[in-house]
Amino acid sequence: MKKWLQFLVLITSISATSALLASGGFSDNSKQAMPAVANAKWKTECSGCHMLYHPGLLPERSWNKMMAGLDKHFGENASLDDASRDEIARFLALNSADKQDNRRSNRINQSIPAGATPLRISETRYFTSKHDEIAASTFKRKSIGSAANCVACHQAAEKGDFSESQIRIPR
Amino acid sequence: MRNAYLFLALFFSQQAVAESANTLLKKYELLAKQENAAFVGFAADKGERFFHAERLHSDGKKVSCATCHTADPRKPGKTRANKVIEAMAISVNPQRFSDEAKVEKWFGRNCKDVLERACTAQEKGDFIAYLLSIK
Chain A
525 MKKWLQFLVL ITSISATSAL LASGGFSDNS KQAMPAVANA KWKTECSGCH MLYHPGLLPE
585 RSWNKMMAGL DKHFGENASL DDASRDEIAR FLALNSADKQ DNRRSNRINQ SIPAGATPLR
645 ISETRYFTSK HDEIAASTFK RKSIGSAANC VACHQAAEKG DFSESQIRIP R
Chain B
4 MRNAYLFLAL FFSQQAVAES ANTLLKKYEL LAKQENAAFV GFAADKGERF FHAERLHSDG
64 KKVSCATCHT ADPRKPGKTR ANKVIEAMAI SVNPQRFSDE AKVEKWFGRN CKDVLERACT
124 AQEKGDFIAY LLSIK
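Sequence lines, in order, name chains A and B.
Residue numbering for the first sequence is 525 to 695, as defined by my numbering.
Residue numbering for the second sequence is 4 to 138, as defined by my numbering.
Keep in mind that the hints were calculated from the coordinates and are not lab data.
It is possible that part of the hints are untrue.
List time: in silico BS3-like cross-link candidates among lysine-lysine, alpha-carbon distance up to 27 Å [claimed, not checked]:
hint, chain 1, residue 1, chain 2, residue 2
1, B, Lys36, A, Lys589
2, A, Lys596, B, Lys86
3, B, Lys81, A, Lys565
4, B, Lys105, B, Lys29
5, A, Lys565, B, Lys86
6, A, Lys596, B, Lys81
7, A, Lys567, B, Lys78
8, B, Lys65, B, Lys108
9, B, Lys86, B, Lys64
10, A, Lys567, B, Lys115
11, B, Lys64, A, Lys666
12, A, Lys664, B, Lys78
Chain A is faced by these chain B residues, among others (derived, beta-carbon under 10 Å) [claimed, not checked]:
hint, residue
13, Val43
14, Ala84
15, Lys108
Remember, it's a predicted structure, so these values are computed and weren't measured experimentally.
Glycine included, C-beta positions come from ideal geometry on N, C-alpha and C.
This is chain A alone, in the form it adopts within the complex:
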């Protein structure tokens, strides 16, 4: 019976991977958009409570600080076993905004003062400058919740795609 389960999981993950590769793995505007990245641990462990944030949205020092304090993660306990934590921390660091050469990550990185280590993308100057026309009450809508819920408005946010053609603000 276990075999059946494993088979099902295998088939699902193969089709999910090929869909991912087909949809964004080799996009031509690579200098503009964030590249496709993948790590299975990151994907399961960092998407349980919210959308998956692309590592290119914050610099390495921010990810390091966040991963060192998961037991007090924005008021919640997101702690992991050491092996998973270390693997995810390495993956985030390797693909962080200061290790990317796409325009978006560079801009985010440049908007953060050298002495600052923000834990929220939604508090970087880059973010606030891009969203200064959105009212605080819009972010608080039931269908959105907070500015941290990028995917409520940016349909392809989990792929690191924030282009204007992919934006729809829900009622």
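Fit chain B to the given chain A structure using the hints.
Using the frame of chain A, we list chain B on its own:
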């Protein structure tokens, strides 16, 4: 014919899942006996009360398991960051309690978030018994 295979695969995986929730209950039973020599068993009605019991957290907010998992475990819940949480009732969501490491990880986090302490094996077993009992 293909459909028949698909049906069989689904059928057997559902069976396997209910089985694993029960295997997990056996493990918690052993632990509960170690915690309490007078242990008599797990009870769905105690689990139901535990699921809904509101507690005043030291941060001043009222919380319960139902805060995120909703009052009706057959329905999807919501995290504080507004992400949907699939239903907890095993009849609705057979994935639940099929992965021991996942179960222990979330008991660890959520019990601390709600009770500000770890859950006992008795509480965990009652909780699963409740979610198994919902049709």
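**Hinted pair Lys86(B) and Lys64(B), Cα distance within 27 Å** = holds (20 Å)
**Asked** Are Lys81(B) and Lys565(A) close enough, with their CA atoms no more than 27 Å apart?
**Response** holds (22 Å)
**Item:** Holds or violated: Lys567(A) to Lys78(B), with C-alpha atoms at most 27 Å apart
**Value:** holds (24 Å)
**Asked** With 10 Å as the cut and Cβ atoms as the points, is Ala84(B) at the interface with chain A?
**Response** OK, holds: Ala84(B) within 10 Å of chain A, min 4 Å.
**Message:** Hint check: Lys36(B) vs Lys589(A), CA-CA at most 27 Å. Holds or violated?
**Reply:** Roughly 41 Å separates the two Cα atoms, so the pair is violated.
**Proposed proximity, Lys108(B) with Lys65(B) (alpha carbon, max 27 Å)** = Satisfied, since the Cα-Cα distance of roughly 23 Å is no more than 27 Å.
**Asked** Are Lys105(B) and Lys29(B) close enough, with their CA atoms no more than 27 Å apart?
**Response** holds (17 Å)
**Asked** Has the given pair, Lys664(A) with Lys78(B), been kept, meaning a C-alpha gap of at most 27 Å?
**Response** Roughly 23 Å separates the two Cα atoms, so the pair holds.
**Interface hint compliance - Lys108(B) to chain A, C-beta minimum distance less than 10 Å** = Holds, about 8 Å.
**Asked** Lys596(A) and Lys81(B): Cα distance at most 27 Å?
**Response** holds (20 Å)
**Asked** Would the pair Lys565(A) and Lys86(B) pass a check requiring their Cα atoms to be no farther apart than 27 Å?
**Response** With a Cα-Cα distance of about 19 Å, the restraint between Lys565(A) and Lys86(B) holds, given a limit of 27 Å.
**Prompt:** For the pair supplied as a hint, Lys567(A) and Lys115(B), is the alpha-carbon distance within the 27 Å limit?
**Reply:** Distance ~23 Å between Lys567(A) and Lys115(B) Cα, so the pair holds.
In terms of the numbered hints stated before, the structure departs from hints 1 and 13, listed from lowest to highest.
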